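Number of protein chains: 2
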Amino acid sequence: MPAQAIDPSAYLQAGRELTDRLLEKYLPPVSSEPKSLHEALHYSVMAGGKRLRPQLALAAYEYCGGSVKSEELPIHYAMAALEMVHTYSLIHDDLPCMDDDDLRRGQPTCHKKFGEAIAVLAGDALHDIAFELMARTGRTEPVTELARAIGTAGMLGGQTADIEAEGRQVTEEEITEIHRRKTGALIRCAVRVGAILADAPAELLSRLTIFGEKVGLAFQVIDDILDIEGDQKLMGKKVGSDSKNLKATYPGIVGMPQARRTAQQLIDEAIAVFDEGDDNALKLIALFIGQRQS
Amino acid sequence: MPAQAIDPSAYLQAGRELTDRLLEKYLPPVSSEPKSLHEALHYSVMAGGKRLRPQLALAAYEYCGGSVKSEELPIHYAMAALEMVHTYSLIHDDLPCMDDDDLRRGQPTCHKKFGEAIAVLAGDALHDIAFELMARTGRTEPVTELARAIGTAGMLGGQTADIEAEGRQVTEEEITEIHRRKTGALIRCAVRVGAILADAPAELLSRLTIFGEKVGLAFQVIDDILDIEGDQKLMGKKVGSDSKNLKATYPGIVGMPQARRTAQQLIDEAIAVFDEGDDNALKLIALFIGQRQS
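First to last, the sequence lines map onto chains L and D.
The numbering of the first sequence is this note's numbering, which starts it at 2 and goes up by one.
The numbering of the second sequence is this note's numbering, which starts it at 2 and goes up by one.
Hints listed in this document are in silico derivations from the structure and should not be mistaken for laboratory results.
As the structure is a prediction and not an experimental result, all values here were calculated from the model.
Heads up, a few of these hints could be off.
Put simply, identical chains are the same to the list, so a pair is met inside one copy or across any two.
When the alpha-carbon atoms are kept at most 25 Å apart in a straight line, the in silico BS3-like pairs for lysine-lysine are as follows [as the list claims (entries may be wrong)]:
| # | residue 1 | residue 2 |
| --- | --- | --- |
| 1 | K51 | K114 |
| 2 | K114 | K70 |
| 3 | K113 | K248 |
| 4 | K36 | K70 |
| 5 | K248 | K70 |
| 6 | K36 | K114 |
| 7 | K26 | K248 |
| 8 | K70 | K113 |
| 9 | K26 | K70 |
| 10 | K36 | K248 |
| 11 | K26 | K51 |
| 12 | K51 | K70 |
| 13 | K26 | K114 |
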C-alpha cells in the first residue's frame, strides 16, 4: 500500500488496536491463579503505549508479502511477544535498584502499584510468555532472534553499559553503541522477525535489517531529546529522569542541535533503503518516529 | 545400564562434570563486554550445585534411547539451559525484595557480590540464554516445555503463591500445589525435555512425566526438611531461612515424621513407574534425591 494512500494516524491507531487485542488474548486471564501476578501483567502491558515494535513487525511482514488473511497467525504471536518483552524491560528498568522511576505511561510503575517482589516476577513472566509465543510460530528462528536481541549482546548489554556509564564522561561512539544495544537491537529484531515470518529472501532481509538498525538508533536519540524537552503530560513519565540519574544522553554529549540533525539523518538513512516511490507502512512508521512528541 | 552396575557417586560426579563443561562452553566469555554482567553470570552459574536438572534430562534422554555419541548435541544445549534457568530463579529469589538471602552455595549471593541492579540483569540474562539454547536444539517443543514450566502456571506461579502464603496458615493441599509449581514443574520439564529430544513414544513420555512429577515434589519436601535440620556447612546457605521469612513449609504443616514419610513415598512412587529389575540412571538419581543431605 503506498504511504500516500495511507492516513498515518488512522493506520497507526489500527495497528495499536490490533496489538491491544492480541495482548489481551495472549496474556493469562486475570481470573486465573496467580491472580495478583496476572493482574500486574495486565496492568503493565495494557497501560497503553505506541506499540511500535509489533507495528514494525507487522509492516515488515506485509512488506515482504506475508498474508494477514487469518484471525490467528505466527506474525500475531510475534507481535504480542515483542510488546511483552518490551514491557518486561520497562518493568525491570523502573525498579528502585535500576532507574527508580515512579511513573510510566501516566500511571504508577509496576513496583509502586504491586510492590517490588511482584514487579520482579511480572517482568520475568512477560519475558517467559514472549518466548512461549515466539515458539508458537512453529519456528525456532524467531526465538533465536529475540533471545539475541535482548540478551547480553543486545538489550541487557546496553542496560549494563548504561548503568556503568552513569556519572562519567561518555563519547559519542560509546553512547551510540549503548543505544544500539539498549533500544536498537529489539527494534531491529521486530523488523527482522516480521520479514523472517514472511520468508523474505536474504537480500530483502538485509535491507530491512539496515532499516531496523537506523530506526532503532533514531528512536533512542529522540527518546533522549524528549527526556530533556518533552511534555511530561504527553510522555506519561517524568522528564529529566536521565539527568537525575546522571545518565549519558545523546544531546548531553553532542548538544541539542546536533542531536536533532542526527535523528533526522538516521530516519533519512532508514527510508533510503526503499526505492523512491516505494511508499509503504514501514516508511510511514519511520516518519512517525522521526516526528514523535511522546 | 543397570543401576547395580553403576557406582552412584561416580555416576553423579561424571554428570556434574559434564554439566560444568557445558555451562562453561555456553556462557558468554567473561572477557567479552559487558564484562561485569558476564562475570556475574559465571560467578552464579559456576558456584557449584548438584546439577540435578541437567542430569535428569540426560538420564531421561539415554533411557529413551537417545545417543550421546557426539561432542555437541541438542541434549547438551537443553542440559545447560535447564541449569541456567535454575540459576536465574535462585538469583532473583535471593534478592532483597524476595527472600533476601546473603549466602548461596557457600558464597555471597549475586546481589551481595555485584549489587542489586547487576543481579536483576544477571537473572534476566540467564533466563534469556536458556531460551536461546533451547531453540538451538532446532525444535520448538523444548522452548515451549521450558516456558510453561517456569511461567505463571509453573515456577513463577509457585513463587507468587509462596510469597502470598507468608505468615498465614496454609493447608497440606496448598503447600503441595506451591511445591508442584515452584520446584516440581522445572524438574518435570527436565525429564520431559530429555525424553522429547530422544523422540520417546507417547506412553513412555507419560510414564516419565509421572516420574518427574513425583521426584520434583519429593525434592521440595526434602528441601524444606533440610532447611530445618540440614547442616549449614553442607548446604552452603543459611538454614532456618524459611522460618525466618515466615514461609509455609511441608514439615511445618504436617510435622517432621510425616514429612519424611511423604518424601519416601514420593520417591517410591517415582521409582514404581519402572518395572522391577529395570535399574537405570533415573532411578539412581531419584534414590540420591531421597537420601540427599544438602
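Going through the hints against the structure:
1. K51 / K114: This pair counts as within: shortest intra-copy Cα distance 22 Å, inter-copy 38 Å.
2. K114 / K70: Answer is neither: 39 Å inside a copy and 53 Å across each miss the 25 Å cutoff.
3. K113 / K248: Result: close both inside a copy and across copies, 22 Å intra and 24 Å inter.
4. K36 / K70: The answer is neither: 34 Å in one copy and 46 Å across copies each exceed 25 Å.
5. K248 / K70: For K248 and K70, neither the intra-copy (45 Å) nor the inter-copy (51 Å) Cα distance is at most 25 Å.
6. K36 / K114: within (15 Å within a copy, 34 Å between copies)
7. K26 / K248: Classified as neither: same-chain Cα gap 37 Å, cross-chain 34 Å, threshold 25 Å.
8. K70 / K113: neither (41 Å within a copy, 52 Å between copies)
9. K26 / K70: Classified as within; 18 Å inside a copy, 44 Å across copies.
10. K36 / K248: between (36 Å within a copy, 20 Å between copies)
11. K26 / K51: Intra 18 Å, inter 40 Å, cutoff 25 Å: intra-copy only.
12. K51 / K70: within (24 Å within a copy, 50 Å between copies)
13. K26 / K114: Result: close within a single copy only, 23 Å intra versus 41 Å inter.
In terms of the numbered hints stated before, the structure departs from hints 2, 4, 5, 7, 8, listed from lowest to highest.
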